[in-house]
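Those sequence lines, one after another, are chains A and B. Heads up, the first sequence is in my numbering, so the first residue is 1 and it goes up one at a time. Heads up, the second sequence is in my numbering, so the first residue is 1 and it goes up one at a time.
A couple of the hints might just be wrong.
Stated by the list, open to error - Derived SDA-like pairs: lysine to any residue, alpha-carbon spacing no greater than 20 Å straight-line:
#, chain 1, residue 1, chain 2, residue 2
1, B, Lys75, A, Lys89
2, B, Lys75, A, Arg223
3, B, Lys121, A, Gly221
4, B, Lys75, A, Ser128
5, A, Lys89, A, His63
Said to hold, decoys possible - Computed Cβ-Cβ distance ranges for the label pairs, DEER-style:
#, chain 1, residue 1, chain 2, residue 2, range
6, A, Gly175, B, Lys121, 38 to 44 Å
7, A, Pro154, B, Trp188, 39 to 45 Å
8, A, Thr201, B, Trp188, 52 to 58 Å
9, B, Asp174, A, Ala255, 57 to 63 Å
10, B, Leu114, A, Gly175, 53 to 59 Å
11, B, Glu120, A, Arg212, 24 to 30 Å
Claimed, not checked - To list a few chain A residues with every Cβ distance to chain B over 10 Å, as calculated:
#, residue
12, Ile55
13, Arg74
14, Arg182
15, Leu207
16, Ile213
Since the hints were made in silico from the structure, they are not lab data. Ideal Cβ placement from N, Cα and C applies to all residues, glycine included.
Here are the chains, one letter per residue:
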Amino acid sequence: MHREWIDRSAHAPGRLQAWDPRLKVGLTVATLLAISFGASSPGAESWLRLAALAIALALAARHGRVPWGRWLGRSLALLPFALAIAAAKLVAIGPGHATGIPLGGWTIAAAPGGGEEALRLLARAWLSILATLLLALTTPFPAILDALSRARIPRGFLEACSLVHRYLWVLIEEGRRLLLARRLRSGRVPPWRSGGRILATLFARSLARAHRIEVAMRLRGRRGALPIGRRLAWSGRDSLRLILCTALLAAAVLAPRFGGGAG
Amino acid sequence: MSAPLAPLAIEARSLHFHYPDGTPGLASVDLQVAPKERWGIAGANGSGKSTLLHHFAGVYAAEGHLSILGIEATKRGLAEIRRRVGFLFQDPEDQLFLPTVAEDVAFGPRQLGLSEPEVEKRVASALARLGIAGLAERPCHHLSGGEKQSAAIAGVLALEPEILVLDEPSNDLDAGARRRLIDFLRGWEGTLVIASHDLELLLESVDRLLLLDRGAVVAVGPPAEILRDRALLSRHGLEEPPSLRALRLAREAEKKAP
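Model the full assembly from the supplied sequences, consistent with the hints where possible.
Okay, here's the thing in structure tokens:
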């Protein structure tokens, strides 16, 4: 199952899994920033930077013994969300276009350089997904929350994330059972016809479950916050990894500029 | 000078309860449970079993009189009752709200403000007692039904409760997990209250049985005596458990034999 695959990979004995979660979260954020801001302008320099970051991600995945097929496959499954935004870069709508499809006083035309911009946006989105998925595949979710709590992310938000992570799959299982029950009683019902009612039922059940969980917490003496932010041990090796990875990331971002890439 | 008498584990007099919509939940329940006694509560759906258990666990303040371990179940006493009573929910999913088994079992002791070595000691002891030490680092959502139930019980045991209150503990358990549960219950040395549809489990695990119907107590006595009374059970929407039925049929066949 999807969740088991992710959890199994996060607990696997890869070398990346042993790194301090704060280091991995920090490096993921740095990589995402490098992807976002390092390739925002058109030109070969941006593409070289993206290629360098892709190589860095591939090396990291190899270091963590991440199953390549699934890592890449799952990342592609999330890509259609970015496709819609990329498609918008292909066209320009407004007055003053000589050729195109007239729309009232405006014209829909092909955006100059839109193809390259759309492709670059897709590449950035894909690399961002790969980087985030790599973090999920090499770090157990509670450890990610521990790292985020050290970064002073609000506790309320982290508690909500922890409970969503715990109960999302319970909810999905319930949803599947409801869908199956409906199918068995009414033949093939298209999801768009049954979806609303199932969501309403799931919402009602979730409310009831939330109440029971709240009572369970009270009965076990809950006094405020959930325990997030366990003891994390930063080792000398982690400091070395931090220096090395920062240098590699900086090289991936800066090398194309000094290498004479056209900007 | 004589030693002071230990308070009753549970004492209810004219305990009643109405749900917020006005539906009656309990109707004048009288009950006395001595320390270390083992009680079962049986009844059809909607008879008030869970509501009564919630009162024992300190979920609701009592209407009428209810004291748990000598503490009045008023709003002021509920926190202390919750600290001393361990409650197991019908669905262990509701009880396992932290990511891993060890973290979940440690939740209660940490809320008590115990030191970290003491928390770890209690977690290890609770897991070992249920034979699930190997599950400590497993994510809760990867456990089987029986493992979830054991982990939920471990979370309760880590609080070292004086009274253990269990709501339908054998729900969704396979035969092996159910047997392990019964073995654990039989070995439990504190006060025990179990509400269940599983009359066989009650027959094996408790010494006294209370039969509820529409929130009222209709019978109290030794489990085998009450569960043999087919007319009584039938009047209140229950059926004789299979083991007693088999025994009765065998005896009847013996009598008929020439």
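The hints, checked one at a time:
1. B/Lys75 x A/Lys89: violated (62 Å)
2. B/Lys75 x A/Arg223: holds (17 Å)
3. B/Lys121 x A/Gly221: Between B/Lys121 and A/Gly221 the Cα gap is close to 19 Å, so the pair holds against 20 Å.
4. B/Lys75 x A/Ser128: Cα-Cα ~52 Å, so violated.
5. A/Lys89 x A/His63: Not satisfied, since the Cα-Cα distance of roughly 36 Å exceeds 20 Å.
6. A/Gly175 x B/Lys121: 38 to 44 Å: holds (40 Å)
7. A/Pro154 x B/Trp188: 39 to 45 Å: holds (42 Å)
8. A/Thr201 x B/Trp188: 52 to 58 Å: violated (38 Å)
9. B/Asp174 x A/Ala255: 57 to 63 Å: Given about 60 Å between the Cβ atoms, the range holds.
10. B/Leu114 x A/Gly175: 53 to 59 Å: For A/Gly175 against B/Leu114, whose Cβ atoms are near 39 Å apart, the range 53 to 59 Å is violated.
11. B/Glu120 x A/Arg212: 24 to 30 Å: Between B/Glu120 and A/Arg212, where Cβ atoms are some 28 Å apart, the hint holds.
12. Ile55: holds (33 Å)
13. Arg74: About 19 Å separates A/Arg74 from the closest Cβ of chain B, which puts it past 10 Å; holds.
14. Arg182: Fine: 22 Å to the nearest Cβ keeps A/Arg182 off the interface.
15. Leu207: With a cut-off of 10 Å, A/Leu207 remains clear of chain B, as the shortest Cβ separation is near 13 Å.
16. Ile213: violated (5 Å)
Comparing the model with each numbered hint stated earlier shows that hints 1, 4, 5, 8, 10 and 16 do not hold.
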